[in-house]
Amino acid sequence: MSNKTEKLVKMANDISNFFNAESNKTLAAEGVKKHIMRAWEPRMRKEIIEYSQKDGTGLSTLATEAIKLLAID
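Residue numbering for the sequence shown follows full-length UniProt numbering, starting at 1 and increasing by one per position.
Possibly wrong hints are sitting among the right ones.
[To be verified] Calculated cross-link-like contacts (lysine-lysine; reagent style BS3-like; alpha-carbon spacing at most 30 Å):
id, residue 1, residue 2
1, Lys46, Lys10
2, Lys68, Lys25
3, Lys10, Lys68
4, Lys68, Lys34
5, Lys54, Lys7
6, Lys4, Lys34
7, Lys34, Lys54
8, Lys4, Lys68
9, Lys25, Lys4
10, Lys25, Lys46
11, Lys10, Lys54
12, Lys34, Lys7
13, Lys7, Lys25
14, Lys7, Lys46
15, Lys54, Lys68
16, Lys7, Lys68
17, Lys10, Lys34
18, Lys25, Lys10
19, Lys54, Lys4
20, Lys25, Lys54
21, Lys46, Lys68
22, Lys46, Lys34
23, Lys46, Lys4
Keep in mind that the hints were calculated from the coordinates and are not lab data.
Assemble the whole structure, with the sequences as input and the hints as a guide.
So this is what it looks like as structure tokens:
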């Protein structure tokens, strides 16, 4: 994993940690997805989607679910 990818994984996990307080994990994943859509540039989103689909090591469960939703949009 490149340093850039490591940073994206950390960022996705940090966002997920914030939304993890939501008891409804579907809403939490949607919140993470929306945050990434608003705050990350397209290249960053593309890279984290590709990483999640190929390997995904290090991504939290919530981050992984949110990225799956991101890949659909």
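Results of checking the hints against the structure:
no.	hint	in the structure
1	Lys46 to Lys10	holds, 16 Å
2	Lys68 to Lys25	holds, 14 Å
3	Lys10 to Lys68	holds, 17 Å
4	Lys68 to Lys34	holds, 12 Å
5	Lys54 to Lys7	holds, 17 Å
6	Lys4 to Lys34	holds, 21 Å
7	Lys34 to Lys54	holds, 22 Å
8	Lys4 to Lys68	holds, 20 Å
9	Lys25 to Lys4	holds, 27 Å
10	Lys25 to Lys46	holds, 23 Å
11	Lys10 to Lys54	holds, 17 Å
12	Lys34 to Lys7	holds, 19 Å
13	Lys7 to Lys25	holds, 24 Å
14	Lys7 to Lys46	holds, 14 Å
15	Lys54 to Lys68	holds, 12 Å
16	Lys7 to Lys68	holds, 19 Å
17	Lys10 to Lys34	holds, 17 Å
18	Lys25 to Lys10	holds, 19 Å
19	Lys54 to Lys4	holds, 16 Å
20	Lys25 to Lys54	holds, 23 Å
21	Lys46 to Lys68	holds, 12 Å
22	Lys46 to Lys34	holds, 15 Å
23	Lys46 to Lys4	holds, 13 Å
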